[in-house]
Amino acid sequence: MAFLEAERLSKTYVRRLKPTSGGPSRLWRRDTQRIFALQDVSFSVEKGELVGILGPNGAGKSTVVKLLTGILTPTEGVCHVDGRIPWQERREHVRHLGVVFGQRTQLWWDVPILDSFELLRDVYNLEPAAWKRRLDEMTDALDLGGFLRTPLRQLSLGQRMRAELCGSLLHEPALLFLDEPTIGLDAVSKLKLRSFLREENAARGTTILLTTHDMEDMLALCRRVLVLGHGRLLYDGALDALLRRYDTVHVLRCAYEGPCDLSGLPQGVALERDGDSYVLSFAPAEVETGKVLSWVLACGRLREMTLKEQNVDQLIARMYQEMSL
Amino acid sequence: MKKQTIRPYLTAFRIRALLETQYRGAALGGVITQAFFGLVLAYLYTALYAGGDPAGLRDTVTYVWLQQMFFRVLMTSDSELQNQIMTGSLAYTLCRPVDQHAYWVCRDLAAQWVGALMRMVPMIALQFILPLEVRMALPESPAAFLQFLLSLSLGVACVAQIHTVTSAITMKTLDSRGFSGMISLLMMILAGNIIPLTLFPETVQALLRYQPFAQALDAPIRMYQHAQGTAEFSISLAAQLAWLAVLTAGGRALWRQHLRSITVQGG
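Just so you know, the sequences run in chain order A and B.
Here the first sequence is numbered in the working numbering, starting from 1 and rising by one per residue.
Here the second sequence is numbered in the working numbering, starting from 326 and rising by one per residue.
No wet-lab data here; the hints were simulated from the structure.
Where hints are given, some of them may not hold.
Interface residues of chain A toward chain B, partial, derived using beta-carbon atoms under 10 Å [what the hints assert, rightly or not]:
id : residue
1  : THR69
2  : ARG95
3  : TRP109
4  : GLU118
Covered stretches of chain A, going by a simulated chain B footprint (3 or more residues, C-beta under 8 Å) [unchecked claim]:
id : stretch
5  : 122–134
6  : 193–199
It should be emphasised that the depicted structure is a prediction, and the values quoted were computed from it without experimental measurement.
Built from N, CA and C at the ideal position, the CB exists for glycine as well.
Using the sequences provided together with the hints, build the complete structure.
In structure tokens form, the structure reads like this:
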């Protein structure tokens with residue numbers, strides 16, 4: 001059995017709604033509506049994998065995370081993490097689990113973060129010496145030294161996220177859930193966080209599941225992604241293969257020194273003039289990029305040329321559109 | 326499986342206590358408000374008792390001051406927990422390998438005790454500068470004081486359990502105001518916060534003394550004023566223990582059930 005195995009997970013909520021029509025009974029009558037937050041989701045993750053979970057808002061990402069942490073019980077299906085069923089053996093399960101919810105905080109607002117870390121030491125029943133070693137190591141890696149004794153409320157967002165991450169990893173969990181860990185962070189903090197996570201994954205074999213809307217995070221960290229939409233698992237596989245599938249248009253911009261001969265445009269390439277440069281667009285799946293390039297070179301004295309890949313966010317938007325999410 | 330220890334709970338208590346000491350401004354505000362109300366009530370009763378029973382007046386004034394001193398204990402919910410439930414931050418606590426109910430009760434007890442102590446000390450100091458007629462009396466005897474302390478501990482524990490019931494309701498409704506409001510009204514009257522329970526007619530005394538809200542402060546205050554005989558003391562403690570057991574069992578059952586079906590707010 002894989003380290004983490006989800007089999008046909010489904011979660012249904014019943015939502016009670018005020019009826020919009022009917023007599024005075026509207027006041028107390030309630031219609032019920034079933035919300036399928038998750039339907040029939042199965043996947044497995046090996047130890048040490050770094051997997052991203054993609055999907056628009058309301059796709060079921062958080063539901064998956066909450067089921068895997070044991071906070072929620074599924075309506076149907078089962079999952080095992082390291083042989084345990086999270087919601088049945090919650091306490092033993094969460095002992096080996098770390099979580100970062102980017103929009104919430106686990107550390108105490110009004111006390112120095114070191115105090116919060118001490119609480120976590122005792123909550124996880126860690127050996128004081130081992131805890132100290134781990135804390136020192138993370139203080140270095142995450143650069144927390146300057147503000148260990150500062151109350152959380154006085155920290156900047158970037159400092160806070162690093163402290164949160166430290167709090168989630170003090171007990172050296174085998175599995176780490178990151179829910180939008182870089183939300184609101186500046187470029188430097190993001191890069192730092194990413195490299196720290198990569199190292200953590202490489203050095204300790206921590207299995208990491210990441211949900212984020214930040215595609216740069218995804219690209220930097222995850223080779224494999226799960227795409228969720230409307231509560232269903234729509235894709236489970238390599239991230240670059242997914243991107244290639246939706247990267248349907250390449251745009252090549254070129255400008256020439258002197259005269260150029262633009263006859264014999266290869267089939268499938270669209271040509272537009274933009275000021276003194278030309279914009280070629282083509283589908284890489286239909287037209288060989290090499291063929292386009294040699295045509296461009298043959299046209300005249302090339303002054304400059306850029307090949308623009310599509311913005312990843314645009315790709316994802318297109319993917320969501322095509323999957324009608 | 327690692328063996329369970331009480332370490333997490335003790336630390337939760339310690340850190341919550343530490344946190345409470347940060348809120349000195351709130352404590353000062355509390356002291357000023359409660360001192361004001363204490364004075365107004367003390368003078369009010371002095372006027373009411375004018376020409377009447379001086380022993381009764383002394384008891385009532387003492388009752389009023391003790392109520393005001395421990396006002397912090399008579400909250401209907403643990404605001405920190407309520408907030409976490411409403412914002413969904415509870416998700417984090419749910420990811421900790423601890424008994425959720427016990428963990429929160431420890432935090433709550435720490436907040437209550439430290440909060441109460443911080444307000445109590447200046448209020449005791451205040452007594453020394455008050456005119457004699459509105460000053461609270463000392464405990465009747467050392468025995469009375471010991472009985473008071475024991476009973477107060479049980480009283481605070483009862484309130485902490487009432488909080489877990491309120492929180493369990495919030496887990497379902499996701500808004501604490503309705504239920505808290507109702508409990509708050511009951512608590513104000515039935516804990517003797519508006520009119521000391523000792524002033525109610527003799528005929529309802531038996532009923533009043535043994536309802537849950539009286540266990541919080543009314544029971545300890547009665548001991549403070551008059552040391553009780555072994556039989557009476559045992560009955561009073563038994564009532565507190567019984568309510569503590571009922572509230573704890575009820576709170577735990579509700580938590581077990583509601584935590585299973587909890588909807589954690591937001592992404």
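Now for the hints, and whether the structure bears them out:
1. THR69: Given a least distance of 6 Å, the restraint on A:THR69 holds.
2. ARG95: holds, 4 Å
3. TRP109: Cβ of A:TRP109 sits 9 Å from chain B, so the hint holds.
4. GLU118: holds, 7 Å
5. 122–134: Three-residue rule met by the stretch 122–134 of chain A, so holds; n is 4.
6. 193–199: violated (count 0)
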